[in-house]
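Sequences listed follow chains A and B, in order. Numbering that gives the first Met the number 0 applies: residue 0 is where the first sequence begins, and numbers increase by one. Numbering that gives the first Met the number 0 applies: residue 0 is where the second sequence begins, and numbers increase by one.
To be clear, the hints were calculated from the coordinates, so they are not data collected in a lab. Quantities reported herein were computed from a predicted structural model and do not represent experimental measurements. Every residue, glycine too, gets a C-beta built ideally from N, C-alpha and C. Hints are supplied without guarantee of correctness; some may be wrong.
Computed, partial: chain B to chain A, Cβ under 10 Å [to be verified]:
| # | residue |
| --- | --- |
| 1 | Arg47 |
| 2 | Glu58 |
| 3 | Arg62 |
| 4 | Ala65 |
| 5 | Ala72 |
| 6 | Trp74 |
| 7 | Ser108 |
| 8 | Ala109 |
| 9 | Ser112 |
| 10 | Thr133 |
From the structure, some residues in chain B lie toward chain A, with a derived Cβ separation under 10 Å [to be verified]:
| # | residue |
| --- | --- |
| 11 | Glu51 |
| 12 | Gln57 |
| 13 | Leu105 |
| 14 | Arg107 |
| 15 | Thr116 |
| 16 | Asp118 |
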Amino acid sequence: MERVLPPGMSAAAFDKGLVALRGVVGAEWVLDSDEDRDTYLDPYATGNAKAHAPSAAVAPANLEQVQAVMRVANAHRLPLWPISRGKNFGYGGAAPRLPGSLVLDLGRLNRVLEVNEKLGYCVIEPGVTFYDLHEHLTRAGIALEFGVPNFGWGSPVGNALDRGFSFRGDHSSSICGMEVVLPDGSVLRTGNGAMPGSAIWATARHGFGPSWDQAFVQANYGVVTKMGLWLHPVPEQVISVQVALDAQDDLGWFVDEVSPLLMRGVLGGNIAISTATNSVIDSSQRQEWYTGPGALPDSVVTRMMAERGMGWWNGTVRISGHEDSNQANLNRLLSAMGRHTRREFQVSRASGASQAARGPVVTRLKVLNWFGGRGGHVGFSPVMPASGAAVLGQFRRTKARYDEHGIDYNGTFYLNGRSVTNVNLMLINLDDADHSARTQRLFDVLVSDASAQGYAEYRTHLDYMDAVAASFDFNDHALRRFNERVKDAIDPNGILAPGRNGIWPSAWRNQRGSE
Amino acid sequence: MNRRQLLLRGALLAALAPVVRASGVESVDAAGEGSSAPVLAVHDPAYRRSREFAAALQERGARVIALEPDVLAAWHQVLRAACAQSPAARITGLTTRSDFMVLSSLARSAGLSPLATRDADASGELGGVRRRATLIAWVLATRNQAA
Ligand SMILES: Cc1cc2nc3c(=O)[nH]c(=O)nc-3n(C[C@H](O)[C@H](O)[C@H](O)COP(=O)(O)OP(=O)(O)OC[C@H]3O[C@@H](n4cnc5c(N)ncnc54)[C@H](O)[C@@H]3O)c2cc1C
C-alpha cells in the first residue's frame, strides 16, 4: 500500500518526524516500507482500503523508548496507534482509526515479569502472546491458567484492553494494576502500584482514591507497558456438558434457566450457545450446503443439524472445580434443563490439568474459508438483559435482518449472569463487492435496531466506533463530552489513538464520522 | 505406495510445479548431511491433497511437519526452532488460506517471505467430520532468496 499521511500533514514534516523516531528506536525499528505497512492493514478491509491505512510503524524496545516516542510524537504532531500484538481481527486488526497514524507496535516489550502461583497472578508486558504465557506456565510447571479467546493468536494485554472475553468471562475484569505512559511521555502506575515497592500491586485492586485501571480500557488516555492480570488455579476436574437444543425457541428457556445458575455461582465464567451454522463454517464450505440465491434457508440448517447430529442451538457448558461440588452443580444444571427437554446431553469428565495443557489455537480462523476465496468477518455484538424474552426477541429481529440482506445468519449468545452478549458473526466474501456492501448495510441497520431496544455493542470495528459512541447520547452526549474533556486535558496535541472508541481530541475532532 | 497413488502425486506436483520449483526441493539431497538448505513441507492432516503434497516432497528429501494441533503450535513447537537452526531453510505447504495467513506472518519474524503461491481445491475428513476448503500452495523463503 502506498504511503497515507495523517490528514493535513506534509510529506516533509512527516519525514522529519520519522528521522527523530529513528534517533530513538534505531533505523530498523521504524518500519515504513510498503511491505511493512501492509502487515499493519486491516486484513479484512472492505471498501476504501485507505480509510485505516497506517503511514508507518515504530517499535520501541522498552519503557524509556516508549516515553521518548511519545515526546517525539508531540513535537512533530504525529498521531500514534498503540497495539500489543495487533491481532484484533474482525475489529480492524492492527490498523488505526485515523488514516496516516503511526502504529506504535509494542511487540518487543515481551517479558513475563512475574508469576505468583500462590496468589494467582502474573505481571506481563504487552508483547507477551497467549502462547508465550501458556509456554511460560507449562515449562515452569505452574498450575495456573487464563482465558484465551477462540482465536488465540493475540495477547492477554491487548485483548483485555479491548474487553475481550472467553468462556472464563470478561478479561478486563482480571486486570489488577498497570504501568501506563501518558501522552506527554510521563509514567503512571495505577492502584497500589502508585506506592513504590508495593507488595500488593497485582493482588488488591483499588489502592487509595479513584480506581483508574478501567479508564485505560477501550480508551486513548495512555499506553499500557505493564499489566497485572489475575490467573485461575487449575481446577481438579472439568465436566463438559454438550448442550444441543432442537428448536429456535428453546433459546428462551435456556437463558431463563441458566442465568440464575451463573448468578448463584453454580456455574462460572460465561456460557455460549450458538446456531448450528457456527460449528459448520470452520470445517466446510458454503457451496457444499447451498448454491441458491439469498441467505442459507432454514431447511439447509436443518440438514446440517441432521448430518452432524446437532441441535439448532449448541454449546458446551463447563463446570470446573472439585469433583464433589462439580457433581452437585451438574445435577442442578441437568435438572434445570430437564424441566424443558427430554434430550440426553453428552457429559464428559477430564482433569483440570489435561484441559490446561491445551495451548491457545487459531483453528477458528478457518471460518475465512467459508466462501472459498478471500474471506473476512465482522462481529456485531450487542448486550442485553439476561431474560429469555429479550434474547429471543433479539434473535428473531436479527435473523430477519440477515435474511432480508441475503447474509447467512450465525449467532452466539454468551450468558454472563445478569446480561447476555450476542455476537453475530458476519462472514464476508471479499471477492464479491456486492456481498461486502450488503454486509455493511446490514451492520448499520443492526446498530440502529439494537439502540432502539436500549442495547449497545460491547466492542466494535474501527468503522463503527463513532456510530456506536453516538448511541450513548444521554443528556446531549454528556459521556462523550466528558471523555473528550479528559482527552484534551491529558493529550492536548491529540497524538494518542485519535478516534478510538469515538473519543476525538480537539486537534482531530473534525474527523469524527470520517470514513 | 501403489501405482494409483504414485500417479496422483505426480499429477499434484505437476499442477503445482511453480511452487515445487520455488521450494527448491529438487536440489535437496535426500541423503541429507550438509548439502543444500533444508526444505520443510507442512501439511494439514484434514486434507488428503495436503498430505499427498507433503508426502511427495518428503520423497524428494523434505522434512514433513503436520499442522497439529494447529498452525500456531506447529510454529512454536517445531518450525521456529528449525528456522533458527537453518536460517536458509524454506518452508512449503498446501494448506488453507487462513493457515497460510498465520504462518506467513509468524515466519516474517524469522525473515521469511512468500516466494510463490497457487490455489488448489481439496476435501477431506478429520475427527469424523467432512472438511472442504480451497487450499493454497506456497513457499516461504528468506528475503534474499525471494528477491
Ligand atoms: C475467528 C476469530 C475469533 C475470535 N474470537 C474471539 C474471542 O473469542 N474473544 C475475543 O475477545 N476476541 C476474539 N477475536 C478477536 C481478536 O482476535 C482477539 O480479541 C485478540 O486477542 C485481539 O488482538 P490482540 O490481543 O493482538 O490485541 P491488539 O490488537 O494488540 O489490541 C486491541 C486494541 O487495544 C488497544 N491496545 C492494545 N495494546 C495497547 C496498549 N499496550 N496500550 C494502549 N492501548 C492498547 C488498541 O486500540 C488495539 O487496537 C476473534 C477473532 C477472530 C478472527
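> Of the hints stated earlier, which fail here?
Replying inline: Going through the list in order, the structure violates hints 1, 2, 3, 4, 8, 11, 12, 15 and respects the others.
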